[in-house]
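Colleague: Work out the full structure: start from the sequences and follow the hints.
Chains as they are written, first to last, in the working numbering: chain P, 8 to 332; chain S, -10 to 240.
Do not rely on the hints blindly, as some may be mistaken.
[Said to hold, decoys possible] Simulated crosslink set (EDC-like; lysine to aspartate or glutamate; CA at most 16 Å straight-line): (1) P/K291 / S/E236; (2) S/K217 / P/D299; (3) P/K306 / S/E215.
The hints are simulated quantities; they were obtained by calculation from the structure and are not laboratory data.
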Amino acid sequence: MSVLAFCEVRDGRCKKAAFEAITAAKKLAADLGGSVTAVVVGHNIQDDAKKLAAWGAERILAADHEFLALYSTGGYGRCLVQAVELAQPKAVIVPATIMGKDLAAWTAAKLGVPLASDCTEFKVEDGALRVRRPVFAGKALAWTHGEGEPFVLGLRPNTMAAEEINPGGEGSVEPLPLTFDPSTIRAVVKEITGGDKGDLDVAEAEIVVAGGRGVGGPEGFEPLRELAKVLGAAVGASRAAVDAGWIDHAAQVGQTGKVVSPNLYIAIGISGAIQHLAGMRTAKVIVAINKDPEAPIFKVADYGIVGDLVEVVPALTEAFQKALA
Amino acid sequence: MKIAVCVVVAPSTDTKVKIGADGKTIDMSDVKLELNAYDEFAIEEALRLKESTGDGEVVLFSVGSPATIKEEIRKGLARGADRAVILDTDTTQLDSSAVAALLTGEIKAFEPEIIFMGKQSVDYDSAQVPSQVAAAMGWPVVTKVSSLAIEGGAFRAEREIEGGVEVVEGTLPAVISAEKGLNEPRYPSLKGIMAAKKKPMEEKAAEAPAPVLVIDCLELPPPRPEGKIVGEGPEAAAKVVELLRNEAKVI
Ligand SMILES: Cc1cc2nc3c(=O)[nH]c(=O)nc-3n(C[C@H](O)[C@H](O)[C@H](O)COP(=O)(O)OP(=O)(O)OC[C@H]3O[C@@H](n4cnc5c(N)ncnc54)[C@H](O)[C@@H]3O)c2cc1C
Ligand SMILES: Nc1ncnc2c1ncn2[C@@H]1O[C@H](COP(=O)(O)O)[C@@H](O)[C@H]1O
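Modeller: Here you go:
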């Protein structure tokens, strides 16, 4: 009996979410009584695959092929199905990243097994696995169980800190040969564009500096970018700012944007509409800057500053600079 | 070109969620229903495709209870879809796999070249039905599409990923799920609203298979601790940084 963890690779490197998946699998395997198998899919990934032992993978499967250098639902999905058949796991943990969500949905469908996407907690009671996931954009939480095995679990990034339990540890890697003809996969990623800006993604960042209509225009985001640079943060936005064309949609936080759970979320000139809160209310600490003391954002903010963001943001940047020097 | 669009009617996104007496479902009294936000983009993309090819049919498919969803589905017809099929089933125990099974059965008979859906429903946020239907049809699926071009039997889709954009190429038939930004959905015209009254809306009784994902109970998220206003104006900045460091310990 095992728990299978899918380890996402981008640009040939395992992502942080991959280590989180192994840590989660490790905890689950301890409760269910079993071991952890990791599966990696990509090209030229042997080195990173080996090192998954450091995070707790007891068995490592790797599908390493030129065709797998870029993602395809059908290609990666078939590899994951193959890993499931080999490992016969009770549960499969897939990071709920953009790749992981797509992959988990297809794989669960193909296997005809239940999938709980975007889970934030698991528990095992009398041998039965139950998982908690936010529904209604986080306005409620649902404890669910699956009928059928394996139970596929999407793990929301940043909800479980990855633990390197055996630093420097390496394991042996079992190859997963391609069992299908790549030409039969009818939809494949041809290229990834726009990633060269090196912008940190809001969904993955530990600190997010977000701006709303209050910043006043595209140039109003500049002081926020400076603050973000000091903090090593990603820049996010409300829908109002995105719809106005001031910033890319990729930055939108909320019900129809991204759901983020950073350690620190700084909301600047954002009123705190219910659809925005849906995307950030699980942040560990929230700071709000707004000129209106009645703004609903202050109801969820741990620390609030009432004032004009034009003055407050540079002061905040300076204060962080001093503190972090 | 025959185009299928799957649409779900869900509580509006500003709903204040109350848990029902059974502890497992949402209290639906006082809840306003709307076409799922993402499905608006799916409908629009289907209409544009039909318009660009010059002929064809756009059919809406929805699993739900006709009495509660009919009026919202009609809004999709008012925008320009040709007809709708409602699969009438008991919705209390539905999960994505059951919805997908019902949709697949019905859509197969229609023999479309493409199926549009939304990225996810705004109620249970599961984002699974598109992949489920694709797997059952044996078709490729591209989820979360924010730009789409179709020519001949081939398509080119873009999807935003962390820190970049994936360009996906493939061939039809396929399932496409729509992300916000795929297009700018049109408003129904008065003419469209009038025409929708006469468009066919078929109701079919359907038996949903048992769910594989079962909700045992719902809870409300713990309230966030009462926040505090640290101060006013730029003078408060240093204090906030100090609190973040020494009290919250996040920097
Ligand atoms: C179906 C649906 C989905 C949605 N999805 C999302 C979503 O994913 N994400 C999202 O964010 N919204 C979403 N919304 C929109 C949401 O309802 C709000 O309209 C939006 O969040 C408002 O953005 P805002 O707070 O930036 O703007 P506003 O509500 O206009 O607030 C601007 C704030 O800035 C403050 N301000 C102005 N000037 C200054 C200044 N100089 N200094 C300091 N403060 C200042 C004001 O006091 C005000 O509080 C959705 C809506 C719908 C219907
Ligand atoms: N009951 C339903 N009837 C028709 N289509 C649905 C239904 N539920 C979900 N869908 C479609 O599947 C998409 C994703 O929903 P979900 O997988 O439930 O998050 C939606 O945007 C719809 O296009």
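Colleague: Given the hint that S/K217 pairs with P/D299, does the C-alpha gap stay at or below 16 Å?
Modeller: 14 Å, holds
Colleague: P/K306 and S/E215 were given as a pair; does the straight-line alpha-carbon distance stay at or below 16 Å?
Modeller: 7 Å, holds
Colleague: Checking one constraint from the list: CA of P/K291 to CA of S/E236, max 16 Å. Satisfied?
Modeller: With a Cα-Cα distance of about 13 Å, the restraint between P/K291 and S/E236 holds, given a limit of 16 Å.
In summary, this structure violates none of the numbered hints.
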